[in-house]
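Turn these sequences into a full structure, and let the hints steer you where they fit.
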Amino acid sequence: MFLINCPYCGERDQQEFKAGGEAHIERPKQPTELSDDEWAEYLFMRKNIKGVQFERWNHTHGCRKWFNMVRDTSNDEIKAIYKMGEKPPSQ
Amino acid sequence: MTKNLRVKSSEYIDETNRISFKFNGKTYHGFKGDTLASALLANNVHLVGRSFKYHRPRGIMTSGSEEPNAIVQVNPGTNITEPNVRATEVEIYEGLEASSQNCWPSVEFDIGGINNFLSPFFPAGFYYKTFMWPASFWEKYEFFIRHSAGLGKSPTSSDPDIYDHRNIHCDVLVVGAGISGILAAKNAAKNNFKTLIVDEKNELGGSTIFENNEFNKIDNKTPSEWLKKEIKELKNIKNLEIKTRTSVAAYHQYNYLLARENLTDHLEAKDKTNKIRQRLLKIRAKKVILATGALERPLIFNNNDRPGIMLSSAIKKYSEFYGVACGSKNIFFTNNDSAYESALSLYNKGINVKAIIDIREQSESKIVKKVKEAGIKVYWSHTIVDTAGYKRLNGISIMKLSNDGTSVTGSKISISCDCLGVAGGWTPAVHLYTQSGSKLKFDEEKQIFLPNQNTSKQISVGSCGGDFKIDEIIKNLNQKLKDNLNIKETDLDNIKVEIDQENSKRNIWLLPSDKPLGKTKPFVDYQNDATAKDIKLALREGFRSIEHVKRYTTTGMGTDQGKLGNMHALGIIADTAGVKMGELGTTTFRPPYTPLTFGTIVGRNVGKFFDIFRRTPMNDWHVENKAEFENVGQWKRAWYYPINGETMHQAVQRESKAARESAGILDASTLGKIDIQGSDASEFLNRVYTNAWSKLAIGKCRYGLMLNEDGMVYDDGVTTRLGENHYIMTTTTGGAANVLGKLEDYLQTEWPELDVYLTSVTDHYATASLCGPNSKKILKKIIPDLDLSDENFPHMSFKEAHIGNIQCRIMRISFTGEHSYEINVQASYGKDLWEKCMEAGQEFNITPYGTETMHLLRAEKGFIIVGQDTDGTMTPIDLQMDWIVSKKKYDFIGKRSLYRSDTMREDRKQLVGLLTEDPNEVLEEGAQIVSELNKSPVEMLGHVTSSYFSPNLKKSIALAVVRGGKDMMGKKLFVPMENKNINVTVANPVFYDEKNERLNA
Ligand SMILES: [Zn+2]
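In the order they appear, the protein sequences are chains F and R. Under this note's numbering, the residues of the first sequence are numbered 1 to 91, in order. Under this note's numbering, the residues of the second sequence are numbered 1 to 1001, in order.
Don't read these hints as lab results, they were simulated from the structure. One thing to keep in mind: the hints can contain errors.
[Said to hold, decoys possible] Taking beta-carbon pairs under 7 Å as the criterion, some of the chain F residues facing chain R (in silico):
no., residue
1, Met1
2, Phe2
3, Leu3
4, Arg27
5, Asp36
6, Trp39
7, Asn75
8, Asp76
9, Tyr82
10, Met84
[Unchecked claim] Simulated crosslink set (PhoX-like; lysine-lysine; CA at most 20 Å straight-line):
no., chain 1, residue 1, chain 2, residue 2
11, R, Lys742, F, Lys65
12, R, Lys861, R, Lys995
13, F, Lys79, R, Lys457
14, R, Lys391, R, Lys370
15, R, Lys439, F, Lys79
16, R, Lys354, F, Lys79
17, F, Lys18, R, Lys742
18, R, Lys8, R, Lys349
19, R, Lys221, R, Lys496
Since the model is a prediction, treat every value here as computed from it, not as a measurement. All C-beta atoms in this analysis are idealised placements derived from N, C-alpha and C, irrespective of residue type, glycine included.
Here it is, written out as structure tokens:
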């Protein structure tokens, strides 16, 4: 059970949060210009890394804000947390 | 023969408080302070159970939670009986009843014992191999397995006890209150850390509390005396909470631990009433200090499982702590010095110790000398090759070990005895440590796994960290505390320790016998009856991974998770396969460390508190009017309102006729409602719905369909424009929370530039849906001053109005195809609104209808229910709802996916209507649809999604999804059922009032 440091609320139990998949996948601005393959790349393809992974999390039972997390999936160490729109920390 | 084996009085046993209890129906006596195990041993009862596979007689092996054999049923034969309880952990109380498990008809004479003599036929993997084939025999096998398998009996009624949960936040959690834990907790608390120390036992002090080895001294006192003084001081320290009878079950990431606090299990029945039995502590600690100690290892030799064979350390604890002699003719079998301490403990109490069998060549420590001076015979370089006695050990035979330890030589010596203490060294209890995700490293010299890489803020101190000698323990503990808690001084700095402990040890994982291995029974896992033979067989059959060997042989898979034998299993695998133990790694230790009751896990969340449920403001009216309810998500919704014993079918037929012929009323309060405001609200709706919203006039309503980015229908509902920058969106009942979440996600992450604010107002409004040709007249009666003409208040429009003083929002929208109004009021007026409608509608026979009738009415109109007629694989085109997909809009969620090659296929499953050849035949929802009958295998074209008998059309109607269904209008298809084939015809899904004339009726 992680202890997650919500950038708006502080440390809270994992129960209050929902994981939202891989971070930094921007919705294409002009979807109609994309080929089927390009759209499929955006729509379906997600990494599932054993190691350091960039993820989206939502403080569902709290401030309801989305934020980003850098997590090592091999030992669940949370390496960084930063707000939406902020640059990811360099690895 | 019952003789009392109580020896010298112990300060932990209250001999003035005599307690009677029953075991296997027979009454025994013990004293306050006894465990069931110590009390049975005092009565010379060793045989307490039968093993799982071979039904071999088994006795008490240990004195703690690692016990593999003495597993009992508490309160047998009652409906609150509890299985799989360790006799070594049950504190006796007046009236306690317990019985053996796993034996029939009795532990003394057990039919299953025949398995023991058949054991050559029960090798590792026996069940996997035998019951695999032929498949058709499975039912017979199942009977056999179920009959003979299972540990204990489940209770037959619900648990009457009270359980509780508590959250605890602390700076330092210390797990284990032996010498290391106590010193750690004391120094942490004294340095202003808010500290909690827990121990599974009822007394603090671990094994040091009865450590009276005269050669070990702390500040010139015996370790036992010294520690008692420390414990006394501990109880007066601020910042320190002490919890005994509290076992940590799980250690999760980020120092989140679950512990079970046992509050009443040791009390007699009259003192248990109305008290919380067990409490689950959910502990979040800034730092964790693991002081979980070490478990003594047995030795693996032929027939090492007879009742009377115990861990050497357990014999010492029974003697020193409980004042019980486990036997009157004792022998110890060891590979290190600790058996000598146990032997001396017995000797000093005047109990006969006949011999010590030591596999080492020699040892010169003071304690060994002392044992020899006491006249106890020591056989060096000897091993036990066999034991005798079926229900109780009565003798051993020993032979000389070869130099390499793999065989025996010379002549066999037999010695009679009734108790054998085995000492195979110590295994650090690293179970919780590894649960936390931290990694172990194998120490080749000590032959143990030790903590290596911590993933959270934790330290392992004392013997669980690999320190076994008191001087090492105190020195290393002191340093670890200073480093970890960042403190400069501790009261350990000036402690003087004198010790005489030898660490010499000869490690042989599997001891040889004079018989070949195949003819012996060296048990590695007592609870699951796995022997060294089984492990070797698994290796011969090609298993290499420790996890595979474990599952194949079931080693370590009992309720004790193989706390005693896992290391030997690893050692035997390593030796046989010729690899190093460090390379093998260990199997994964999983929570809970010791079994938990379900009651403790669920706490107060039982019965109606199992899950929260939501009720509408009109709920009391529905209850008073005998509605049947159905669960929709967490909501309790009125399902139908039976009158005079109607069945559901009869009630629904009556309700749906009334709604179309005169007037009906539905509680629609559960629909999700999201208030949307902001200067970009219209643009936002344009992006989330498939249709266009910019031109919707203020005061108008529009139906919207929401897709996922993959183009599949996600939710639907009517949204009303209340003002220039203000909308109210409705969602499906079940989808409300997810829709809000999805919209917030897009606003926060993809479109942060939009000025839009979302607020869930589902609970703020109560909604009555008034429908039918007389709905207008009823509304007119309630709100006489509101102009209800089609010109002023047409279909798909909205008005604010007042019913008396109550403000309301009225939408003229329809989910039934009838002229209807959805009236929204502040939730607290919901019941009042409903009653006003009922009163005004009385003259029109207004009929309340539930969700079932609502489903029927909308199905007559071919309106979909998201989640019933769709399943996350249906696009709007598949639903024949092309009309709602804007061609003009550049983008909306899911638009691009509607042009993928897959979503444009013509042969996708599409929504159609189905009519049965026999109009009275109602299809089953979920039934499969085919186009050919005499073909096998036959392609499944689709399935029925909604099906009803329509009282208004007087025939059966159904909605279905059918491959390429759009082009099958009028085609005959079949719905094959178990006993018949139903002929159906593909039809337009709008069965009723295709021209929508009734909306303005
Ligand atoms: Zn937050």
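Against the structure, the hints come out as follows:
| no. | hint | result |
| --- | --- | --- |
| 1 | Met1 | holds (4 Å) |
| 2 | Phe2 | holds (5 Å) |
| 3 | Leu3 | holds (4 Å) |
| 4 | Arg27 | holds (5 Å) |
| 5 | Asp36 | holds (5 Å) |
| 6 | Trp39 | holds (5 Å) |
| 7 | Asn75 | holds (5 Å) |
| 8 | Asp76 | holds (5 Å) |
| 9 | Tyr82 | violated (13 Å) |
| 10 | Met84 | holds (5 Å) |
| 11 | R/Lys742 - F/Lys65 | holds (12 Å) |
| 12 | R/Lys861 - R/Lys995 | holds (10 Å) |
| 13 | F/Lys79 - R/Lys457 | holds (15 Å) |
| 14 | R/Lys391 - R/Lys370 | violated (34 Å) |
| 15 | R/Lys439 - F/Lys79 | holds (19 Å) |
| 16 | R/Lys354 - F/Lys79 | violated (61 Å) |
| 17 | F/Lys18 - R/Lys742 | holds (12 Å) |
| 18 | R/Lys8 - R/Lys349 | holds (7 Å) |
| 19 | R/Lys221 - R/Lys496 | holds (10 Å) |
Violated hints for the displayed structure, listed by number in ascending order: 9, 14 and 16.
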